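Engineer: Could you slot chain B onto chain A? The hints should help.
2 protein chains.
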Amino acid sequence: MHFTLHATDGAARAGTFTTPHGEVPTPAFMPVGTQATVKGLTPEMVRAAGAHIILGNTYHLALRPGDEIVRDFGGLHKFMHWDGPILTDSGGFQVFSLAGQVKITDHGAKFKSHIDGSPLELTPERAVEIQQNLGSDIAMVLDECPPATSESAKMRAAVLRTIRWAERCKKHHSRPGQAQFAIVQGGLNLDLRAECARELVAMDFPGYALGGFSVGEAPEAMHAALPACAACLPEHKPRYLMGVGRPQDLLAGVASGIDMFDCVMPTRNGRNALAFTSDGPIRLRNAKHRRDPAPVASDCACYCCENYSRGYLHHLFAADEMLGPTLLSLHNIAFYLRLMADARHAITEGRFAAFRAGCLARWNADS
Amino acid sequence: MHFTLHATDGAARAGTFTTPHGEVPTPAFMPVGTQATVKGLTPEMVRAAGAHIILGNTYHLALRPGDEIVRDFGGLHKFMHWDGPILTDSGGFQVFSLAGQVKITDHGAKFKSHIDGSPLELTPERAVEIQQNLGSDIAMVLDECPPATSESAKMRAAVLRTIRWAERCKKHHSRPGQAQFAIVQGGLNLDLRAECARELVAMDFPGYALGGFSVGEAPEAMHAALPACAACLPEHKPRYLMGVGRPQDLLAGVASGIDMFDCVMPTRNGRNALAFTSDGPIRLRNAKHRRDPAPVASDCACYCCENYSRGYLHHLFAADEMLGPTLLSLHNIAFYLRLMADARHAITEGRFAAFRAGCLARWNADS
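Taken in sequence, the protein lines are chains A and B.
Reading the first sequence from the start, the letters are residues 1 to 367 in the UniProt record's numbering.
Reading the second sequence from the start, the letters are residues 1 to 367 in the UniProt record's numbering.
Keep in mind that the hints were calculated from the coordinates and are not lab data.
All of these numbers come straight from a predicted model, not from anything done at the bench.
We treat Cβ as the ideally placed atom computed from N, Cα and C, and that holds for glycine.
Since no wrong hints were added, every one of them can be taken at face value.
Computed spacing ranges between beta-carbons, pair by pair: (1) A:345 to B:348: 54 to 64 Å; (2) B:68 to A:5: 53 to 63 Å; (3) A:264 to B:299: 35 to 45 Å.
The shape of chain A in the complex, shown without the other chains:
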């Protein structure tokens, strides 16, 4: 994992990291391909929307189709026909949010499959093995991921276990070319975050993530915590804010010195007829779009905006046609990717703060 910083603007950074499947300019947004597909889109559509790297999900893929099956197909890239970089999460977050009756010990997390209720266990070593079988470019360590609002003793115990598990993941990791990132936990407790970061940085991972945000706390609380959290991480390694978030949250992250993001919001909202635009979100199911010949966003060059009207999108959603979710997912991903490209450009020109303020004003967003 080679990471080059090209420019900084305040805490914001523009860089490039390299992977066995290509380079990624940062700040980078990673479209989410939970089950070996970015929902409703072909890889060519994802690429054309501007994506350099996508995310795959350890928990989901281990359950279905099974990581050994993906390995036997030649790895996740070949299985899903995406030849660019892939980051896989560790499954920790999904175990705590999707699976039933989780029992956590130092050994690992015992839980029941959300598909068929069968008993399963995810240990740090197993999380490493799954991701080695998937063959991702970037793998994440297994972490314990309590809500940011958890009480102090519980949060501290989770941080200590996250540190121990990171050490075991590092020790177990052996796949050449695959970079393993550590995850800093600690919720909104900045002392815990700093302690967790200090321990993990001492282990010398090639990249670091902030986990446990956007799981219960107010966005403002996250925004307030991000600068200090990011500052605990090494300057010359990529920093990844996991599972976040709204466009304004990404800009808060970039302003704090974060380099990488992922979130289901563009695809999930796209499936629900909500489109992001430079003037804020619009709902295509709204009857006012019925006769509107304008594209979803007149300043957007994505396939959806180049070829279709708001009125047509309104019709597709009214008629429950698959093409509606596909086109709006595509547009929303293109919006997120362009936001990151524009942020990068602003950073290199030393005008990121003004760029961010302009976005927030146009979106009528608070922060």
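Structural biologist: Showing chain B alone in chain A's frame:
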């Protein structure tokens, strides 16, 4: 509407017809875009699969979004971003199959919307107006479409009304460039079919369809009736067998001298994980495909078969991912289109009967 016959082989024909939006080689299969979208596919995908012409639905589009809205968007081509030829059916079949409590008089068909139950009426003149608003290249007359198994008096009454309605449709039609095709009814009664065809041919339409097949009768009964039905139609005008059918039904149609087909089967079956192949249909949900690295069809050059395995398709359907229906719909449409292209090639080389027999043997199909 200009139609050129290039070659015949027995009753089978290879030709080309021209429309304001381009030429169509025949025999032609028209993918069905009921609600102004071929379900799950972009127009570029439909084009890349080999489609020259698609079908739109008068009944569905008149109800939603409304034909005047489509007109105000610049017509169906622009609304749905398909710049090739479009044929629109007349809505007759949908009124009789989808709408509730249909009351038919000479004036037209009164029925209730399948969307909200509101009372509606479709007259021959209104069917013409809707299609003129949609701006299709080929419009169909309104017909009365009873099941092929209807008793004789009812079938005869439907035929006589279909003839009267065709006359009114022709009289009301005024859109330059749009060709209006007549529809022959009569079920399995060849005398009625001949009488209906004689009356309609005397009115000199630019093309003729056979309606009322594949609505209740055995496929063998349809296959047996087709040669005589097709022979009642003018040699130098396109012949269209509406709503049919399975691959073997298309070959029976081609053998009988039919030039055009449409059917929802490739897309509907694709959404249900059934794929057509040269060796017969396969079901991708079957567990035997779970670890299969082979493409859906090794002799197919479609986007699905070039880039994905049966195992990946199996996974997409198991995980209920939208990309599964999209990829298999694409493959099935490509299969139908290649079947028609291969049939055309065989006709020009005078070996259509052997080509058809070879297909049926490989598919293990009866007829």
